[in-house]
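Protein chains: 2
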Amino acid sequence: MQVLGKPYRTIWRSQEDPNIVQIIDQRHLPHRFVVEDLRTVDEVAIAIRDMHVRGAGLIGATAGYGMYLAALEASSAGSPQAFLEALEESGEKLIATRPTAVNLEWAVKRQLDVAQKAHSDLFGLVQLARETADTIADEDADFCRRIGQHGLPLLREIAERKNGEAVNVLTHCNAGWLAFVDYGTATSPIYAAHDAGIPVHVWVDETRPRNQGAGLTAWELGQHGVPHTVIVDNAGGYLMQQGLVDFVITGTDRTTFTGDVANKIGTYLKALAAKDNGIPFYVALPSSTFDWEMEDGVHEIPIEQRDSSEVKYVIGSRDGEVMEVLITPEDSPAGNYAFDVTPRRLVTGLITERGICGAAADEVLRLFPEKRR
Amino acid sequence: MQVLGKPYRTIWRSQEDPNIVQIIDQRHLPHRFVVEDLRTVDEVAIAIRDMHVRGAGLIGATAGYGMYLAALEASSAGSPQAFLEALEESGEKLIATRPTAVNLEWAVKRQLDVAQKAHSDLFGLVQLARETADTIADEDADFCRRIGQHGLPLLREIAERKNGEAVNVLTHCNAGWLAFVDYGTATSPIYAAHDAGIPVHVWVDETRPRNQGAGLTAWELGQHGVPHTVIVDNAGGYLMQQGLVDFVITGTDRTTFTGDVANKIGTYLKALAAKDNGIPFYVALPSSTFDWEMEDGVHEIPIEQRDSSEVKYVIGSRDGEVMEVLITPEDSPAGNYAFDVTPRRLVTGLITERGICGAAADEVLRLFPEKRR
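These protein sequences, in sequence, are chains X and G. Residues in the first sequence are numbered from -18 upward in steps of one, following our numbering. Residues in the second sequence are numbered from -18 upward in steps of one, following our numbering.
Just to be clear, a hint being listed does not mean it is correct.
A few chain G positions that, by computed beta-carbon distances, are all more than 12 Å from chain X [claimed, not checked]:
{"#": "1", "residue": "3"}
{"#": "2", "residue": "16"}
{"#": "3", "residue": "54"}
{"#": "4", "residue": "61"}
{"#": "5", "residue": "73"}
{"#": "6", "residue": "80"}
{"#": "7", "residue": "83"}
{"#": "8", "residue": "93"}
{"#": "9", "residue": "101"}
{"#": "10", "residue": "123"}
{"#": "11", "residue": "338"}
Quick list of simulated restraints, FRET-style, between CB atoms [said to hold, decoys possible]:
{"#": "12", "chain 1": "X", "residue 1": "66", "chain 2": "G", "residue 2": "259", "range": "54 to 60 Å"}
{"#": "13", "chain 1": "X", "residue 1": "31", "chain 2": "G", "residue 2": "335", "range": "54 to 60 Å"}
{"#": "14", "chain 1": "X", "residue 1": "130", "chain 2": "G", "residue 2": "288", "range": "37 to 43 Å"}
{"#": "15", "chain 1": "G", "residue 1": "285", "chain 2": "X", "residue 2": "347", "range": "47 to 53 Å"}
{"#": "16", "chain 1": "G", "residue 1": "285", "chain 2": "X", "residue 2": "261", "range": "27 to 33 Å"}
{"#": "17", "chain 1": "G", "residue 1": "290", "chain 2": "X", "residue 2": "224", "range": "23 to 29 Å"}
{"#": "18", "chain 1": "X", "residue 1": "335", "chain 2": "G", "residue 2": "208", "range": "36 to 42 Å"}
{"#": "19", "chain 1": "X", "residue 1": "-15", "chain 2": "G", "residue 2": "290", "range": "21 to 27 Å"}
{"#": "20", "chain 1": "G", "residue 1": "123", "chain 2": "X", "residue 2": "80", "range": "56 to 62 Å"}
{"#": "21", "chain 1": "X", "residue 1": "176", "chain 2": "G", "residue 2": "259", "range": "43 to 49 Å"}
{"#": "22", "chain 1": "X", "residue 1": "351", "chain 2": "G", "residue 2": "143", "range": "47 to 53 Å"}
{"#": "23", "chain 1": "G", "residue 1": "177", "chain 2": "X", "residue 2": "287", "range": "33 to 39 Å"}
{"#": "24", "chain 1": "X", "residue 1": "302", "chain 2": "G", "residue 2": "32", "range": "23 to 29 Å"}
Examples of chain G residues lying across from chain X (beta carbon under 8 Å, computed) [what the hints assert, rightly or not]:
{"#": "25", "residue": "11"}
{"#": "26", "residue": "190"}
{"#": "27", "residue": "192"}
{"#": "28", "residue": "199"}
{"#": "29", "residue": "224"}
{"#": "30", "residue": "292"}
{"#": "31", "residue": "299"}
Everything labelled a hint here was simulated from the structure, so no lab data went into it. Even for Gly, the Cβ is constructed at its ideal location relative to N, Cα and C.
Bound-form chain X, shown alone:
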């Protein structure tokens, strides 16, 4: 997507030196656009652990490139056997940075798998690791692009009904390209519509406590030129009551194959309001986000509790300096629940890389028949 008028991904190999991985250091957004060079697997581990990068797809891609840098380092090991051992060690180091990030472990294992099956010399192993890292990133971007293409007709149809008036889309949190390699999930149909000349306007939920909407989604939409308005998380219900929302779309951290959607805290409230006002509520996800085992998401998906300081303090910029301010009494306790689960009955449809389906086991399995048991 566009940044300062130039197309970017969230992660890429440097054009000057293909052994340097470059990322957008997202800790500085939306206040500063900082590109960071990563030269070692240790630097990649820090970038993942300290959230220079975040979002399921991007964490996976970063781990993929981390394993490529690990392979470069391991190529001095002397033997393929020693190379593989060094690579495994680096993989463990990467996985430990964010143990609950499923895509991280998946990308590390994919790299190890390729290396273990290769029967190649050290030069070939390094080349394979580079190709695999590129493939992981390309696949992520491609899946997101497809989600956009599948979602596009939904927005086009609303636009036709509205006779050229802008389609008002509401989204929560950041399921944007910053969370993936490109396009994003929830944002992908929006970018596809915008790029196709369909007038769209996005209501961007602030998304307390970490403000990924106000900070990241607003920034990426603004950079790509998509009209948008930031609102507090409280406002969506009112906007829907007033007919100011045509379409709601979010991403998801985990969706059961039966259609229950775990996503950033507050998503459930928007889904309730969409239902109450007859507004379509869609969830965009690559199929890797499905949980193919769990049937009752509302009662079974574990919800992470995070540090209360994220609620008590707000991070922002003042005179160009990023700082945090206390908004509660010093000694008031705060609760910080990271996700909620939107039950399938509130979900109009799921937009995947293979197409759209209803939030129900039989519909999901029709799109992904290989997952039938």
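Dock chain G against the given chain X, drawing on the hints supplied.
Chain G only, in chain X's frame:
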């Protein structure tokens, strides 16, 4: 209610000099407790305009005392006629500070009415103004206290069902004693229960964009010793899904006699979640908050739009200094809708100074038969 272990109201006449009105300057909460002396009607006008005081009941009481200070100043006018003219002028000045605050105009008119009907000398007129100011404040406190007494049995019943486990109450915004003279509306049953030894715990919605929950409700509950936890506005739905909320109660800025409730933006989302999870949703209000004309609150109550800076910037404290930080891209637009309307079908009941009734015209008019047309 208690502050630093001492009982306070939000406004009172100084014990040292009864011609000095004292208020809690709420702009410094929750970070500092500042009592401000008001000696002239001009100082009162500034205190109302610049929101040293806020909340319907408290604005009314402050206007009442402002008119008393105006009477003190006007007593040098020479004749009752000149006194009345000066008083009217001060009244207009006060009303102009926050033109949409209904209680402000009401308190000013009540003072003028008393003075105009008095046929008293200047000394008597000043005394009358003081008594009227005290009465307005006392009545406000008394109405709030009654709301607490009527709401108390609802919490007691839940406590009995829970066998001594704390009753979990969720509230949105600040309909606490800081918005009135004492007790508050939504908080009054909570204080009554706490003071009666019923274990209560309050989930305090942060209430973006102005954070009246995180800043004011959390502070007043903490000062009075009521266990509470601050949460982001996004969290309530999840807590309800998990059975962690027994009772939801809010205040209101305007409620139609048919039961539609205008309140701080986000209230509607909590009402939807309460309904979806079978949790009682009550609204506490003095009868002065009823709109006796309007029938369809959702479509007729006008919703104020405020400055977008309240969304883009967050005010908090850093190293003891209160400051604001920018949380969005500098150039992203933001929308700031102040209220939403919760339709009557989502409201379990209304708690007034006369008792509890359903959110329906016939039930409201049964409690207030003098309002039948």
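So, going through the hints one by one against the coordinates:
Non-interface status of residue 3(G) relative to chain X is upheld: no Cβ of that chain comes within 12 Å, the nearest being about 22 Å off. Every CB of chain X is more than 12 Å from the CB of residue 16(G) (nearest about 18 Å), matching its label as outside the interface. Separation of residue 54(G) from chain X is adequate, the least Cβ-Cβ distance of about 38 Å exceeding the 12 Å criterion. The non-interface label for residue 61(G) is consistent with chain X: the shortest C-beta to C-beta separation is roughly 49 Å, beyond 12 Å.
Separation of residue 73(G) from chain X is adequate, the least Cβ-Cβ distance of about 34 Å exceeding the 12 Å criterion. For residue 80(G), the condition that its CB be more than 12 Å from all CB atoms of chain X holds, with the nearest at approximately 23 Å. Non-interface status of residue 83(G) relative to chain X is upheld: no Cβ of that chain comes within 12 Å, the nearest being about 21 Å off. Residue 93(G), annotated as away from the interface, keeps every beta carbon of chain X farther than 12 Å; the closest lies near 37 Å.
Once the 12 Å rule is applied to beta carbons, residue 101(G) is consistent with being away from chain X; the minimum gap is 47 Å. Non-interface call for residue 123(G) relative to chain X: holds, since the shortest CB-CB distance, roughly 28 Å, exceeds 12 Å. For residue 338(G), the non-interface assignment is confirmed: its Cβ lies about 24 Å from the closest Cβ of chain X, beyond the 12 Å cut-off. The hinted range of 54 to 60 Å is satisfied by residue 66(X) and residue 259(G), whose Cβ atoms lie roughly 57 Å apart.
For the pair residue 31(X) and residue 335(G), the supplied restraint of 54 to 60 Å holds, since their beta-carbon distance comes to about 58 Å. For residue 130(X) and residue 288(G), the hinted distance range of 37 to 43 Å is satisfied, since their beta carbons lie about 40 Å from each other. Between residue 285(G) and residue 347(X), the C-beta spacing of about 48 Å keeps the proposed range 47 to 53 Å intact. Range check, residue 285(G) to residue 261(X): Cβ separation about 29 Å, and the 27 to 33 Å hint holds.
Remark: the range hint 23 to 29 Å for residue 290(G) to residue 224(X) is upheld by a beta-carbon distance near 26 Å. Range check, residue 335(X) to residue 208(G): Cβ separation about 50 Å, and the 36 to 42 Å hint is violated. Between residue -15(X) and residue 290(G) the Cβ separation comes to about 25 Å, which falls inside the hinted range of 21 to 27 Å. Taken as a hint, the range 56 to 62 Å holds for the pair residue 123(G) and residue 80(X), whose Cβ atoms sit roughly 57 Å apart.
A C-beta distance of roughly 45 Å is found between residue 176(X) and residue 259(G), which places it inside the suggested range of 43 to 49 Å. Checking the proposed 47 to 53 Å range against residue 351(X) and residue 143(G) shows it holds: the Cβ atoms sit about 48 Å from each other. Between residue 177(G) and residue 287(X) the CB atoms are about 35 Å apart, so this pair conforms to the stated range of 33 to 39 Å. With their beta carbons about 28 Å apart, residue 302(X) and residue 32(G) fall inside the hinted range of 23 to 29 Å.
Checking residue 11(G) against chain X by beta carbon gives a least distance of about 4 Å; that is within 8 Å, so the hint holds. A hinted interface residue such as residue 190(G) counts as satisfied when its beta carbon comes closer than 8 Å to some beta carbon of chain X; here the least separation is about 5 Å, so the hint holds. Taken as an interface hint, residue 192(G) checks out: its beta carbon lies about 5 Å from the nearest beta carbon of chain X, inside 8 Å. A least Cβ separation of about 4 Å between residue 199(G) and chain X falls short of the 8 Å threshold, and the interface hint therefore holds.
Look at residue 224(G): its Cβ only gets to about 11 Å from chain X, farther than 8 Å, so that hint breaks. Annotation: interface hint on residue 292(G) holds; nearest CB of chain X at approximately 6 Å, less than 8 Å. Hint status for residue 299(G): holds, given a least beta-carbon distance of 5 Å to chain X, under 8 Å.
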